[in-house]
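Protein chains: 4
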Amino acid sequence: MIKAAILGATGYAGAELMRILSVHPDAEVVYPASHSYAGKKFSDIYPGMKGAMDMVLREDDISKAAEEADVVFLSLPAGLASQMVTEEVLSKCVVIDLGADYRLHSKDVYETWYKTEHHSPSLLDKAVYGLAEIHREAIKGSRLIANPGCYTTCSILTLYPLIKQQLIDTSTIIIDAKSGTSGAGRGEKLSSLFCEVNESIKPYGVTNHRHTPEIEQELSEAAGHGIVLQFTPHLVPMNRGILSVCYARLLPGITDEDMKKAYSIYENEPFIRLIDALPETRFVKGTNLVDISYRIDKRTGNVIAMGAIDNLVKGAAGQAVQNMNIVFGLDETEGLSIGAGSPF
Amino acid sequence: MIKAAILGATGYAGAELMRILSVHPDAEVVYPASHSYAGKKFSDIYPGMKGAMDMVLREDDISKAAEEADVVFLSLPAGLASQMVTEEVLSKCVVIDLGADYRLHSKDVYETWYKTEHHSPSLLDKAVYGLAEIHREAIKGSRLIANPGCYTTCSILTLYPLIKQQLIDTSTIIIDAKSGTSGAGRGEKLSSLFCEVNESIKPYGVTNHRHTPEIEQELSEAAGHGIVLQFTPHLVPMNRGILSVCYARLLPGITDEDMKKAYSIYENEPFIRLIDALPETRFVKGTNLVDISYRIDKRTGNVIAMGAIDNLVKGAAGQAVQNMNIVFGLDETEGLSIGAGSPF
Amino acid sequence: MIKAAILGATGYAGAELMRILSVHPDAEVVYPASHSYAGKKFSDIYPGMKGAMDMVLREDDISKAAEEADVVFLSLPAGLASQMVTEEVLSKCVVIDLGADYRLHSKDVYETWYKTEHHSPSLLDKAVYGLAEIHREAIKGSRLIANPGCYTTCSILTLYPLIKQQLIDTSTIIIDAKSGTSGAGRGEKLSSLFCEVNESIKPYGVTNHRHTPEIEQELSEAAGHGIVLQFTPHLVPMNRGILSVCYARLLPGITDEDMKKAYSIYENEPFIRLIDALPETRFVKGTNLVDISYRIDKRTGNVIAMGAIDNLVKGAAGQAVQNMNIVFGLDETEGLSIGAGSPF
Amino acid sequence: MIKAAILGATGYAGAELMRILSVHPDAEVVYPASHSYAGKKFSDIYPGMKGAMDMVLREDDISKAAEEADVVFLSLPAGLASQMVTEEVLSKCVVIDLGADYRLHSKDVYETWYKTEHHSPSLLDKAVYGLAEIHREAIKGSRLIANPGCYTTCSILTLYPLIKQQLIDTSTIIIDAKSGTSGAGRGEKLSSLFCEVNESIKPYGVTNHRHTPEIEQELSEAAGHGIVLQFTPHLVPMNRGILSVCYARLLPGITDEDMKKAYSIYENEPFIRLIDALPETRFVKGTNLVDISYRIDKRTGNVIAMGAIDNLVKGAAGQAVQNMNIVFGLDETEGLSIGAGSPF
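Just so you know, the sequences run in chain order H, P, W and D.
For the first sequence, our numbering gives the first residue as 176, with consecutive numbering after it.
For the second sequence, our numbering gives the first residue as 176, with consecutive numbering after it.
For the third sequence, our numbering gives the first residue as 176, with consecutive numbering after it.
For the fourth sequence, our numbering gives the first residue as 176, with consecutive numbering after it.
Rather than coming from a laboratory, the hints here were simulated on the basis of the structure.
Worth double-checking, as some hints may not be accurate.
Restraint ranges, calculated between C-beta atoms of paired labels, are given here [said to hold, decoys possible]:
(1) Thr430(D) x Thr508(H): 46 to 56 Å
(2) Gly380(H) x Thr430(D): 17 to 27 Å
(3) Leu426(H) x Pro252(D): 35 to 45 Å
(4) Lys473(D) x Asp283(H): 12 to 22 Å
If you want a taste of the chain P side facing chain D, the calculated C-beta under 8 Å gives, among others [stated by the list, open to error]:
(5) Thr356
(6) Leu365
(7) Cys370
Each residue gets a CB set at the ideal place from its N, CA and C atoms; glycine is no exception.
Chain H with its partners taken away, still in its complex shape:
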């Protein structure tokens, strides 16, 4: 039985992780922690888990967590993880960080986009970007896994085969992404109120959303050269789900066969479904799946590649468990759903 700690267990991503681990056959939470609610039962904060997860929340103390747990999940605001993680911590446990602190290889890029200092740049080299479909082998032997962002998971996986196989003009990439409101977190902000979100859609972070450099980093690596792209997120009046609609110019002569072949890289991936229909976020809700499909437009010469995930599962907690499964040698799908009910 893998012993798990979760620091930041009462945010939406942390709580989803608590829920998934509460029914995982080979892992158990031994150290649930929350700075805001330490001393309270988890199910007092999330009454839906009464009876299923009633542990008392502890302080966000990574040293204690590392003593008691085999794996420590961090689900914290930007900048905190980089203060907490040390070589010593990593000598005692595996760390899977759901936040952004170890995702970008470059301290400078991090500090530019996140506008906060990085406190442990020496660990950046040790961190593996935890997108199993691309970095599975590296994840296996890692002690520090940077769990990808929600928009980034969806966008990278949707575009990766096209870039890896050099099918598109990488200077023309535009990602228009849409997210459910849980992505905005549990903070008590005016802009997250029901009456401010419901019955409306809006773009935000246009030209400057923090997930941009993360997508660029991974796709640049796949391309073998630097990629600069356009990323625009939107807020949608629904609880969960991310849809990434990615546009790029096809290179001359690329055919549908080339496209199919490129995506066949995923054909044995347990969490990726290549579908003919267009993706809808409801069909991946509650699962760790990524639904991907594409259309070639002969009129314009563009390809439109589309991916959908559940932002709290494949975009956060589920992917973290997928990474835990990999590191600890379990079946990668253990404890994770691959079928979505509907309506849900």
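We have chain H; now place chains P, W and D onto it with these hints.
Showing chains P, W and D alone in chain H's frame:
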């Protein structure tokens, strides 16, 4: 491995049953059937289940189903089940009917409220009302189980202890219930369109909803005398969930202690949570749980007892699996969720 | 042109009042005020009003407002209005208070339910309860109008004729009410977040909601004797709308004719629609209308009377304008909508 | 008083037109018609309009309508208008067609994209594309006005200044648009059910949506050369609203000043608001407004231009009234809202 057939597998309740059984450790679907979609893959109709349940749908033929399966679930429009089920079918398999045909003990009451003929009244005596929390022992040995309705499950379980323990004036019962829109089914009706349901709430079936006699039957049995009560359902702009708010006058001298004691009848029930807070449907979403709480109003002399369920799980498919588990001697909670994620 | 001041112009009710007055043919806002946003343009806070209402917000100073305006609307948290309104203020302008401070005739009842001190009890006698359908004549000559609450407006108007005409047993009244989320206000509370409200329904304030004594006061007056009743509100995942479903035992011998006759008291009311169908909140959205209908249940002996309003219009800002129209001798419907678009 | 007929008065766009005209100071509906509901009262179909618009619906007979009305609005499925409108009809009344039949100048393009025959191609030359902000002068003298589509209105107005002023590379245009569900109409389709739309977002019509050639036609005209562009619509779980997010590469040397100057073409437009903030559909809900804003991304060299409208108002019924106002010499804003309440 229990072999299961589902007739009516593509309605919302049937599809939820498909989903639950697809991950049940001791049961498997061998005969999924749909009159409308026979010949197609289940996952063509429910793309969220692609990869998880791709079986081809067959015709709604109970004879064939009974040959191949140990248990046949029926999720059909009113009146069809009573035409299909026969002694012969019951000699071959257990039937769990998610519809209304075998819930009411009286053919006359059925025909009055449902305005359709009952085709197998001789089987009514053999049917057991599948509310395990009340009829568990009878369910164990039954071949024909009438799975309760969604509103009725929630309302009966909320009120049952108060009636059983004679705490309330049974002539004063008012049930004001609210349901998510999946309760209206998958039919292509104007009144079920997004733009007709969204951003509104409405009562319907006032004084004449078909779940009324079902609630009255069970509560009358508990009381030992006939009960007539007021039941009013509402449509709420959400996918899932039922909330039953039940009002009744407390009998003289009844105390909070009496109330607590009455509800303690549920204290070992695996799916009932007695909570202090007021119930919210989100906290049972996706689970087979019933959250129940109550308030005594000293000003008015009333008790307000409140229950919440997921209409597609405890109100339909989950309860059907609970009944299957009981009949086949499995752990009652097998394959059923008892912890709700949030937001979901 | 009537000159209007609005203190508390940036709450949801205040902002709706700003919107209605911005297109009122015979009134204009001269003094819009907001404690939180003084110095900013109204349309900076409510961008939907850019170009339509760009006035700069001023401080919540009732003395200045009274100097400049003919009518001062107050849309403030409980307890503030009773500190602000004085004989001197009333000598200079009409005050229409959208809050609760002057609704209850009794200081004690107010302080018991609102748990805050009332600072100007001597004015309670001067205040008129601003429900025009019942107190129109008194409103005409009043300087201090207590605009009714949202649940109360809907519930009182639905039940009033039945009590006035003595058709029901007033000891059996139960009001089960449902409200859209704008009723919870614009405060940055966890419980008002989109992800905490969406896809769920919950009761709240069971046995102790502050609108209870207000409903009891008005219905007791109509009855000529004290009425104690059960009132239970619910939160619904929609922006606007209140539905009150009211239950009571019919007195012996009361017929449908009696019911019709009782409700005919409203037949010339410009904002009340007596409808045959059951009310749905969407059909009054954005209007100052009240849709009312009822059903007699011969089985139970109960009447179910149902009303629907828009909580921000007839339940707040619209009714305030209706009262202004009455006091200043305008057509009562001026500036108020009596037809609802759908879907909206 | 302008006399108006509406054929197709019970679809969502037609009904919104009925609502707007019911309170228009200088127009009145004299001939409301509906093929499906002829003989019934409009308010029987739209109960929200009871008391405000109770006229009996007549048959969709354009000859009779033309006899009785000064202006005939058509809100019909594609292909019907082109059968109905004749020179004779146009000699008797002005026709404003909310459908697509007269929007495209080319019969061939129409038949290719709409896959239906055009029955009156000779009238295409007489039709004016009713986008007042671009074709106001032509509208003034027209007898046949093709009211633009919803996506097209929003997308064209957002991009027009950039193309007219030659600021962008017109070969790189991508429009990613999102619409509320009323855009899918009132038909009883599975895909429009609440439970199929709610809590999800999906793209549709990728590479082949019918609004594509309409946008291309208008922007090509502005450019003075043919433009081919990418247009992708999405379905959003909300009643109303369209958001168009338009991407294009800026031409070398173009500055923010150039952008501002280009958009200043709209500075006297009564229905266009150039805003600094990013547009949100809620802020134009119920109004005839278009909110437009843009961002230049120096990293990518792209401009992101964003527009928001209410699809049933500026995208359909409101714009039709705007056109009527222009043709009949009224103030262009008459009867149309320019301030949005919130939350609505």
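Evaluation of the provided hints:
no. : hint                              : result
1   : Thr430(D) x Thr508(H): 46 to 56 Å : 53 Å, holds
2   : Gly380(H) x Thr430(D): 17 to 27 Å : 23 Å, holds
3   : Leu426(H) x Pro252(D): 35 to 45 Å : 41 Å, holds
4   : Lys473(D) x Asp283(H): 12 to 22 Å : 18 Å, holds
5   : Thr356                            : 5 Å, holds
6   : Leu365                            : 6 Å, holds
7   : Cys370                            : 5 Å, holds
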